[in-house]
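Peer 1: This is what each chain is made of:
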Amino acid sequence: MLYRDKRPLLVLLVPSFALMVIFLYYPFVMNIYNSLFDIKGMIGRPEAFLGLQNYVTFFTRDPVAMTALKNSLMLMPLTVVFQVGTAIVLALLVDNIKRGQQFFRVVFFFPIVISATAIGLMFSLFYNYDGGMLNQILRMLGQEKVLWLSKQRAYTMVIIPVLWQYVGFYFVIVLTGLAAVPDEINESASIDGASGLQKVWYITLPMIKDVLITCTTLAITGAVKVFDLPAVIAKFGAPNGLTHFLGTYMHQQAFVAQNVDYGSAISIVIVVIGVVVAQGVGKALKPRRDLEGGQI
Amino acid sequence: MNARLTTRRFSITSTVIYLILILWSLTTFFPFAWVLNNSFKDTSLVVSDSFSLAFTTIYRTDRNGIVVHEGVLLDEHGREMYDKLLFDKDGNPILEKDQGGVALDPNSPFSQLLGKSSFAQNQSDSILQAYDTVKGSKVYDPASPAIKLTPTLGNYVEAFTNPNVNILRGYRNSIILSGSVTVVVMLLSCMMAFAMTRYMFPGKKIVHILIVAALMFPAFSTIVPVYRMISQAGLFDTLQGVALVQIAGNLAFATMVMIGFVASLPYELEEAAFMEGAGVWRIFWGIILPLSKSALATVGIFTFIWSYNDLFVQMVLLRSKALMPISAILREISSQYGTDFGLMAAAVVVVVVPMLAVYIALQKNIIKGLTAGAVKG
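Protein chains in written order, with my numbering: chain A, 1 to 296; chain B, 1001 to 1377.
The following block holds chain A by itself, in its conformation from the complex:
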């Protein structure tokens, strides 16, 4: 038979696998190991065994870490509500129009193509105290200038572009899900006198539940990995580390403060939170879909 000779597998699989082992699996395991030892400097060797001390410090003794953790955790429900929520609304609307579907698809997707660095820079131009766009609008309205990245506002202002940027991504996924919903079901529901909102709630949304679960999982795991935008808009968690996220705090600890073992521990926290939440969301949402599938 054609594929009985297994030797080509060496060439087909080994290069990719070697790359993934060297640059993903091995460093990942090393990272766990590193987080348990005291390491001085970026290329220092692991010295004293610390055990879980870095993790204890993270959860009990480091106020900035707590801010970063809280910021990242708070971002998760916000991404679900604002990114996936807005995406669903926009997709339902676009699905209902005849003209211009293609146009809205293209335009809504714009921000994803742009680097987060560029978007971050753009938003710092908006937020700037002296001559930033928002303060210019306030001046035109005869209002006082506002310090947009003040202690009270900084978190909100930093997550606005984060939330805004990826709406188009989920929009496109939801829209494709909607295209797969057969028209007949909606039509028969209309004939039975179901209103638009009823149809959406009882027919459309349950039918694209798989897609919604995918979006929710992607949004939540994406929230844990946020880095570029906060790193550009509010450098080093300015002001006072209030806008640190797990990713930016990890970068600061490992590469700026050269606190390598602690940085490694934070990155493990990032992975664990990502996996646990993704699993949790999957478990929480999937059984209900089976039930409803049975009903229909």
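Just so you know, not all the hints are guaranteed correct.
The calculated DSSO-like cross-link candidates involving lysine-lysine, where the alpha carbons are at most 27 Å apart (straight line), are [what the hints assert, rightly or not]:
| no. | chain 1 | residue 1 | chain 2 | residue 2 |
| --- | --- | --- | --- | --- |
| 1 | A | Lys209 | B | Lys1364 |
| 2 | B | Lys1205 | A | Lys283 |
| 3 | B | Lys1364 | A | Lys98 |
Think of the hints as simulated: they come from the structure by calculation, not from any bench.
Fit chain B to the known structure of chain A by using the hints.
Peer 2: Just chain B now, kept in the frame of chain A:
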């Protein structure tokens, strides 16, 4: 069908729908328009009036809001004259000889300095402006032409010629880096997908699980050991080092998309080719690769976008400015020239435009591939 029913019944509804959609597209569109517009303006104008259109004529004003003229008033000795001058409310200087009985605003700092008693109490709207080296107010000669701010390419000239932030070199680095990452990822992921869909071998399940698991590692969780290995291998601060890390990081996603696609390719073609004596490699290069073109395009586009935009790995593994790709250059500009709004706007445009061009040219592939990959994966 459904759409037709709804629009016929509620034309108001569809108006509202279009209104909402247009509002959201404004949020995605307006920021770029704003930046593009301001990239053609002088920084002083961006700061004072970022909403005026770049191609209209605007007079330059100084920090006190006074229109700047080319010439400065001279006194009788031919020196630039900065004091003993009154300005009316519109910022026009009133020459000394015309001042007559015009008195000073007793609340102005200058008159307070001299003592209120020396000025008449009959106030008009005029303000005495003495030249102040701290504030830098100047007295412009209204007879000389006012300085206009016309659209300027100065920001772009600055962005492309500044030796510290060489954008052309950034483009070159980005194309070398992201181009090679893209080509390698396309080839390797197709090879993996070919192996995973056509061959049976012990441990195949484990390999599959490992590929899926690789999707879960964010760059944060591998970067420290990767940094050490790259340094030890002498690849720190080289584009090859960044490329290797980015290839490994993108392979898992690309392979998942390719597996989905290659699995659906008809097996008969390969069998027929085999009967005619073609080997595995002929089949891979002659049948699998060409037939996978559309999926490869998707994988390629996404890999390119991610590699081009990925700041984290570039930030950690590169140090010399000569090697920085465009995203890292952009960050460099923002930290060095953060107050030069015109330059920053131009830099954003320069970084964004190639990506937008690629996106608009290939958007059908991008969106199709995105949904295929995301819904399956």
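Peer 1: Now look at each hint and say whether the structure bears it out.
Peer 2: How the hints compare with the structure:
1. A:Lys209 x B:Lys1364: 25 Å, holds
2. B:Lys1205 x A:Lys283: With a Cα-Cα distance of about 23 Å, the restraint between Lys1205 (chain B) and Lys283 (chain A) holds, given a limit of 27 Å.
3. B:Lys1364 x A:Lys98: The hint holds at about 19 Å.
In this structure, every one of the numbered hints holds.
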